[in-house]
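Participant: Which chain is which? The protein sequence lines are A and B, in order.
Under the numbering used here, the first residue of the first sequence carries the number 1, and numbering increases by one thereafter.
Under the numbering used here, the first residue of the second sequence carries the number 1001, and numbering increases by one thereafter.
Think of the hints as simulated: they come from the structure by calculation, not from any bench.
Among the hints, a few may not be true.
[Claimed, not checked] A short, non-exhaustive set of chain A residues, derived as facing chain B with CB atoms under 7 Å:
{"no.": "1", "residue": "S77"}
{"no.": "2", "residue": "R82"}
{"no.": "3", "residue": "R88"}
{"no.": "4", "residue": "N100"}
{"no.": "5", "residue": "I114"}
{"no.": "6", "residue": "L116"}
{"no.": "7", "residue": "L117"}
{"no.": "8", "residue": "F145"}
{"no.": "9", "residue": "A227"}
{"no.": "10", "residue": "S228"}
{"no.": "11", "residue": "E230"}
[What the hints assert, rightly or not] Restraint ranges, calculated between C-beta atoms of paired labels, are given here:
{"no.": "12", "chain 1": "A", "residue 1": "R144", "chain 2": "B", "residue 2": "R1395", "range": "18 to 24 Å"}
{"no.": "13", "chain 1": "A", "residue 1": "S22", "chain 2": "B", "residue 2": "A1263", "range": "53 to 59 Å"}
{"no.": "14", "chain 1": "A", "residue 1": "R144", "chain 2": "B", "residue 2": "I1274", "range": "45 to 51 Å"}
Cβ coordinates follow ideal geometry from the N, Cα and C atoms, glycine included.
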Amino acid sequence: MIDKSREIIRAENLVKTYEDDSVPVNALRGVDLVINRGDFLSIVGPSGSGKTTLLNVIAGLDEPSEGRVYLNDKLISEMSGRELSDFRRDNIGFIFQSHNLIPVLSVEENIEYIMLLQGVPKKERHKRVEDILKEVGLEGFTKRFPTQLSGGQQQRVAIARAMVSQPALMLADEPTASLDSATGSELLDIMRSLNEKRNMTFIFSTHDKLVMDKARRLIVLKDGKIASDEVKE
Amino acid sequence: MIILKIAFRNIFRQKRRTLLTALTIFGGFTLAAISIGWSEGTYSYTIDMFTRNQMGHIQIHGKGYLDKPTLYNTINNYRQIGETISGLEGLEGWCPRLYSSGLAAVAEKSAGAIIIGIDPALENEATGFDKKVAEGKSFSKDPAHEAILGSGLMDILNADIGDSAVIVSQAADGSIANDIYEIVGIVESGDNLSDRSSFYLHLSDAQELFVLDQRVHEIAIISEELGDVDELVVRIKSAVGESGLSIEPWQEFAKQFYVAMQADKQGAWIMIFIIILIVAVGVLNTVLMTVLERIREYGVLRALGTRPIQIFRLIILETNFIAVGSILVGLVASTIINYLLSIKGISMPDSITYGGVEFTKMYSEVNAISLYIPAITVIVTVSLVSVFPAIKAARTSPSKAMRIH
């Protein structure tokens, strides 16, 4: 029996075909997937297996050619551009391979960005920024700009930015790719701890063994299809 | 607010490119402002030469005189009209004139002449007649059978100051008007055409010659400000009434001149259009370059939940910040340049003649129109050319943009 109350993502028969130099590429070939609240899962597979495409389709950054994606029972594959923007802002946190911070905003302003779009009051924003910076170990860095931080510190800010608005779902595309293994491991521990404390759902797309080891569920994609879906004990 | 902040700070990211865009806008604005100031100044100066120095800004005639000027169509109560209008707000001066034509002769030489009877005191007060007397002297206060001739007419008649000049014409009572006058001065009005035929007499002498006692053909009026002429016309009309009189501004009684000036002005706008077009292409180029370079960043902003309209606003704001800054600097620069050119002017390498008036120097003008028209045009142009890159940025597909490294 399916426990719908635990479900956060339901993807049905996802197909994504795009053209690369007029050659059709089948990135996803019928993916069915259910992700539960509080999952800490990794999507792995060789390059070109469709990991990033699956992540993009789940996040509403890409439209599927066929199939449907539901997030919290809302069909996101049929939303308009503006609805999708608002939906992403309120429900999804992104951690990118390269941190992608806004270079002209300070650490504090980068973290506040989504809350500003959401219209969160100033007092509340400042409190949340303070709390999240403590959690990612960047107290005292509020006024610095991205260029004044190391790669690891920038990725911590990116994690803080993604999580500060407490989204239902966190998507991380190769989050450790540009970090050394010690920093990568440290950041994964922070994410794991947030996942446990806040029951936040994390989906990683990765090649990194470290991420695979820390994940509690591992989905292997091959040629645009799910080859295996394993929940670790 | 956050979009405003990002837009503002983005200006300082690529300082060289911002400077290039700012210089293009600043250059375009300043050139346009100077062009307009220059063209307005030149027109004002030319109009002033025609009106303030000669024709007046407003003229009163007997009805129909301008269409068919005859000796008999006169203003019979010019003193009363003059007294009525002389206190009006915005009126600087007025002067009566009597016109006729005749044959002027000095010794063996003769030529056709336009005889102009003027009241020396009023004419001098209104149009600075004495300043136009290049040689000799102006009229004595009381009529003394003196004549002042245009320099061209003096040459034709081969006359000198002190010579006697004879006028032969027809008087209003049908008799032959002829008399002899002493040439006391030579006029150089700046209008070469008119100087080849002008034969000035004291108004009383002219009235006596043409048997037009207490009558004149024209009252020329000088307004304090060129821009207030239409309002002054209204005030004069309500003060003296219009029965039997036609009260016209210079645009009406010098219609051909006015139309030629307007046509010339249109030509100046073509130059402004070309300047603005260059600004538009320059700005489009740099904004488009910026958008293409930051496409990944816009993708990230979209992924984070920024709405397309907010991205659009970001681009428009950023460009407008640069435009406003450049315009503010341009305002100062163009005002200083226009001010200097309005005082010192620019000497023409060769004098130019416009409608018979010779110009050796041209002046610019500091006015609001030369600032707000380029400012509005530049802001609108910059905003318009930013629309295409802004739409491009707003439509950025986050997934595609983030694949760009």
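Participant: Give a verdict on every hint.
Facilitator: Each hint, compared with the structure:
1. Residue-level restraint check for A/S77 is violated (minimum Cβ-Cβ distance to chain B is 14 Å; threshold 7 Å).
2. Satisfaction of the interface hint for A/R82 is found here, the shortest Cβ-Cβ separation to chain B being roughly 6 Å, below the 7 Å cut-off.
3. Checking A/R88 against chain B: minimum C-beta separation of about 5 Å stays under 7 Å; hint holds.
4. Annotation: interface hint on A/N100 holds; nearest CB of chain B at approximately 4 Å, less than 7 Å.
5. The closest approach between the C-beta of A/I114 and any C-beta of chain B is roughly 6 Å, which is under the 7 Å cut-off, so the hint is satisfied.
6. Here the hint on A/L116 is kept, as its CB sits about 4 Å from the closest CB of chain B, short of 7 Å.
7. Restraint check, A/L117 versus chain B: the minimum CB separation of about 6 Å is within 7 Å; hint holds.
8. A distance limit of 7 Å between C-beta atoms decides the matter here; for A/F145 the minimum to chain B is near 10 Å, and the interface restraint is violated.
9. Residue-level restraint check for A/A227 is violated (minimum Cβ-Cβ distance to chain B is 23 Å; threshold 7 Å).
10. A least Cβ separation of about 25 Å between A/S228 and chain B goes past the 7 Å threshold, and the interface hint is therefore violated.
11. The closest approach between the C-beta of A/E230 and any C-beta of chain B is roughly 27 Å, which is over the 7 Å cut-off, so the hint fails.
12. For the pair A/R144 and B/R1395, the supplied restraint of 18 to 24 Å is violated, since their beta-carbon distance comes to about 33 Å.
13. Checked against the hint of 53 to 59 Å, the C-beta distance between A/S22 and B/A1263 comes to roughly 57 Å, which is consistent with it.
14. With their beta carbons about 48 Å apart, A/R144 and B/I1274 fall inside the hinted range of 45 to 51 Å.
Hints 1, 8, 9, 10, 11 and 12 from the earlier list are contradicted by this structure; the remaining hints agree with it.
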